[in-house]
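> Chain by chain, the residues:
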Amino acid sequence: MPLNSLVEFLVNGLKKCGVLVGALIGASILLFTAIQLLEGDPIALRLKNPDPETVALERERLGLNDPLLTQYFNYFENFMTGDWGRSLITQRPVVEDLFSRLTATLELTLSAMFLGVLYGIPIALFASSGSAWIFRKLSHGLGVIGVVIPIFWLGFILIVIGSLWLNVFPTEGRFDYTYDKPHVTGFLILDVLLAGRGDLFGLVVNHLFLPALCLSFYPAAVVINVIHPRMQDPITRNLIMSLKARGFGPVRLWLKHLLKLAGAPVVTALGTSFGALLGGAVLTETVFSWPGMGSFLVGAILEKDLFVIENGFLFIILLVFAVVCLADTVAFSMDPKIKKGGS
Amino acid sequence: MNRTRLFELLLGLILLWAFVGFFYTPLDPLSQDYTGNRLSGPSFSHLLGVDGLGRDLFSRIWLGSGHSILMGLVATVGNLALAALILFAEQKAPAWFSQFILSFVSGWLAIPVIFIALLLLVFLEQGPGTLVIAAALGNVPFTFRQLRVLWLYQKETLYVQASLVLGSQSWNLFRRTIWPNLKPDVSGLSKLIFAFSLLEVSGLAFLGLIGDPDFPELGSILRQNKSYLLADPWQVIWPGIFLSGILLLVQLSRSEQE
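Protein chains in written order, with my numbering: chain P, 84 to 426; chain G, 45 to 302.
Bear in mind the hints are in silico, worked out from the structure with no lab data behind them.
Since this is a predicted model, take the numbers as computed values, not measurements.
Virtual Cβ for every residue (Gly too), placed ideally from N, Cα, C.
Among the hints, a few may not be true.
[What the hints assert, rightly or not] Chain P is nowhere near these chain G residues, computed Cβ spacing over 12 Å in every case:
| no. | residue |
| --- | --- |
| 1 | 66 |
| 2 | 91 |
| 3 | 122 |
| 4 | 129 |
| 5 | 134 |
| 6 | 135 |
| 7 | 190 |
| 8 | 212 |
| 9 | 222 |
| 10 | 225 |
| 11 | 229 |
| 12 | 283 |
[As the list claims (entries may be wrong)] Computed, partial: chain P to chain G, Cβ under 10 Å:
| no. | residue |
| --- | --- |
| 13 | 110 |
| 14 | 235 |
| 15 | 358 |
| 16 | 369 |
| 17 | 370 |
| 18 | 378 |
[Said to hold, decoys possible] Here chain G is said to cover these stretches of chain P; the calculated rule only asks that three of the stretch's residues, wherever they fall, bring their Cβ under 8 Å from a Cβ of chain G:
| no. | region |
| --- | --- |
| 19 | 223-234 |
| 20 | 237-249 |
| 21 | 379-388 |
| 22 | 392-404 |
Turn these sequences into a full structure, and let the hints steer you where they fit.
Below, the structure written as structure tokens:
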């Protein structure tokens with residue numbers, strides 16, 4: 084990479100960090116305000132003996148009697164140092180609870196994204212380069228499925244086909260509890276390999292496949308909806324025609340030239356849709372009883388679990404923003420058009 | 045009659061059918077039948093069978109479609125109104141403030157609707173109303189951006205410039221010159237927003253955020269019937285067919301407008 088484009092890349096990355104800091108401050112203020120508007124006293128709800136004195140003592144211990152500004156700065160400082168308090172319900176550290184759930188969700192989300200891109204890009208490229216009609220139909224159909232079929236119903240249909248009729252996949256859960264679950268990173272698919280239990284790998288993939296397939300229609304639709312119009316562009320059509328005329332085979336044409344053209348916008352679109360994908364993951368988890376953060380967050384909200392709401396939500400919002408910024412930065416370094424100072 | 049018109053007509057009929065559900069269903073969607081024919085398949089008295097608590101599935105789906113569609117429609121109207129209001133503010137405000145609105149909206153865009161709904165539930169009661177508010181708020185950034193593009197395009201067109209030069213008042217300019225050109229796009233956009241809202245409302249109900257678990261709504265029916273999935277898959281398949289059918293009609297009725 085030449086020096087000036089490296090500088091440009093770094094400046095762009097710094098700008099993205101600025102966006103991230105802005106999001107952190109904005110979201111933390113919003114969340115803090117929301118907590119202040121909370122109805123009922125969550126502390127009194129949790130105590131076995133809610134007489135005013137005990138409640139006051141407990142509030143004092145948790146620092147809820149300080150002036151609002153002090154409370155806010157304490158909250159912000161604690162969030163940044165990773166001291167997220169204990170859940171009012173399970174009494175376990177919020178960090179532990181959240182991350183054990185979050186890794187399950189991320190495993191599902193990332194597998195779905197991988198799967199969706201894996202079949203979405205070839206379908207889109209085949210469909211756009213004017214080959215078999217079946218790919219055009221497939222690409223159109225996939226683009227529509229995303230908006231027409233609710234993801235939670237699709238999950239049920241997959242269970243009916245895959246578990247009930249074919250009897251190949253389990254109906255729910257992440258792992259078979261007759262075996263000990265290896266614990267290294269929290270991502271089971273990596274953990275079984277790291278723990279040297281290659282024999283369990285099939286089991287993990289078997290549990291993961293249906294939920295990931297269910298969720299993968301969304302990223303696949305995103306990829307297709309981004310690539311397809313670009314390939315219909317007259318300039319691109321001419322490029323395809325001239326490359327074909329020069330005798331490029333399909334593999335070289337798609338892998339070397341068309342993928343490069345489509346790469347940057349696909350990365351941006353995937354990054355932007357990451358939040359929606361997490362939302363879809365929450366629904367998919369409910370269908371497949373996947374032990375992810377969906378049920379955890381819903382429970383925290385319904386039980387008014389202060390510290391989970393304050394810190395868990397802030398972390399997830401930050402995560403979504405970080406992915407968007409990361410995708411933007413990667414796309415920036417991939418796309419020569421953006422580098423030249425275009426949009 | 046072209047294809048889009050045909051689908052619009054079909055969509056209208058489905059909406060009408062769904063709203064009839066508020067006044068008439070073949071059997072009471074809430075009353076349980078204790079005669080022991082739970083999870084029995086379709087018959088003449090129960091067109092789509094009986095659910096696990098002995099309630100007529102077809103009646104539940106009929107009233108449920110009505111509820112889902114009504115919630116989707118209210119969310120759509122609220123969403124369009126709010127997005128238009130923000131656009132108005134953004135256009136009229138001083139530059140620094142409209143810049144602030146723009147960056148605020150792009151941040152908002154990144155947060156999924158489900159999280160917005162969950163955050164609303166921190167200080168609102170569970171119930172259909174909250175889900176409608178969440179669905180309306182969740183799509184505001186999307187609608188705002190779409191409306192803004194349409195508006196900026198219209199503002200620059202020659203006929204609007206000409207009308208301005210001729211000295212037309214702003215309200216008349218909007219009503220006679222801009223709106224007729226904007227109308228087809230806004231109508232297509234509102235159908236899209238309706239589809240999104242319907243998906244979101246039923247998705248949130250499926251998560252159990254609607255409060256009363258017996259409230260007949262397509263998403264909450266799916267949630268309740270989830271436990272009978274292995275015993276009788278049709279309990280879960282039917283509500284989804286109705287939901288997807290409505291969404292498909294919405295999509296087909298707007299496909300040619302783009």
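> Evaluate each hint against the coordinates.
Cross-check of the supplied hints:
1. Against chain P, the non-interface label of residue 66 of chain G holds: every CB pair exceeds 12 Å, the least being about 23 Å.
2. Every beta carbon of chain P lies more than 12 Å from that of residue 91 of chain G, the smallest distance being close to 20 Å; the non-interface claim holds.
3. With a closest Cβ-Cβ approach of about 20 Å to chain P, residue 122 of chain G is found to remain outside the 12 Å limit, as its non-interface label requires.
4. No Cβ of chain P comes within 12 Å of the Cβ of residue 129 of chain G; the nearest lies about 20 Å off, and the non-interface call holds.
5. Every CB of chain P lies more than 12 Å from the CB of residue 134 of chain G, the least distance being 18 Å, so the non-interface label holds.
6. Interface exclusion of residue 135 of chain G from chain P stands, the closest Cβ pair being 21 Å apart, more than 12 Å.
7. Residue-level check passed: residue 190 of chain G sits 15 Å from the nearest beta carbon of chain P, beyond 12 Å.
8. Taking the minimum C-beta to C-beta distance to chain P, about 33 Å, the non-interface status of residue 212 of chain G holds against the 12 Å cut.
9. Every CB of chain P is more than 12 Å from the CB of residue 222 of chain G (nearest about 26 Å), matching its label as outside the interface.
10. For residue 225 of chain G, the shortest C-beta to C-beta distance to chain P comes to about 23 Å, beyond the 12 Å cut-off, and the non-interface label holds.
11. Every beta carbon of chain P lies more than 12 Å from that of residue 229 of chain G, the smallest distance being close to 18 Å; the non-interface claim holds.
12. At roughly 8 Å, the least C-beta separation between residue 283 of chain G and chain P is not larger than 12 Å, which violates its mark as non-interface.
13. With a least beta-carbon distance of about 8 Å to chain G, the hint placing residue 110 of chain P at the interface is held under the 10 Å criterion.
14. A cut of 10 Å between beta carbons decides the hint on residue 235 of chain P: the least distance to chain G is about 5 Å, and the hint holds.
15. For residue 358 of chain P, the interface hint holds, since its Cβ comes within 10 Å of a Cβ in chain G; the closest pair sits about 4 Å apart.
16. Nearest Cβ of chain G to the Cβ of residue 369 of chain P: about 6 Å, under the 10 Å cut. The hint holds.
17. Annotation: residue 370 of chain P was flagged as interfacial toward chain G, and the flag holds, the nearest CB pair being 8 Å apart, inside 10 Å.
18. Look at residue 378 of chain P: its Cβ gets to within about 9 Å of chain G, closer than 10 Å, so that hint holds up.
19. Under a criterion of three residues with beta carbons nearer than 8 Å to beta carbons of chain G, the stated coverage of the region 223-234 of chain P is upheld, 6 such residues being counted.
20. A stretch counts as covered by a chain when three or more of its residues have a beta carbon under 8 Å from one of that chain; for the region 237-249 of chain P and chain G the count is 5, and the coverage holds.
21. A count of 5 residues in the region 379-388 of chain P with a Cβ less than 8 Å from any Cβ of chain G is obtained; the coverage claim is therefore met, three being the minimum.
22. Evaluation of the coverage hint for the region 392-404 of chain P: fulfilled, as 6 residues show C-beta separations to chain G shorter than 8 Å, against a requirement of three.
Hint 12 alone, counting from the list given before, is not met by this structure.
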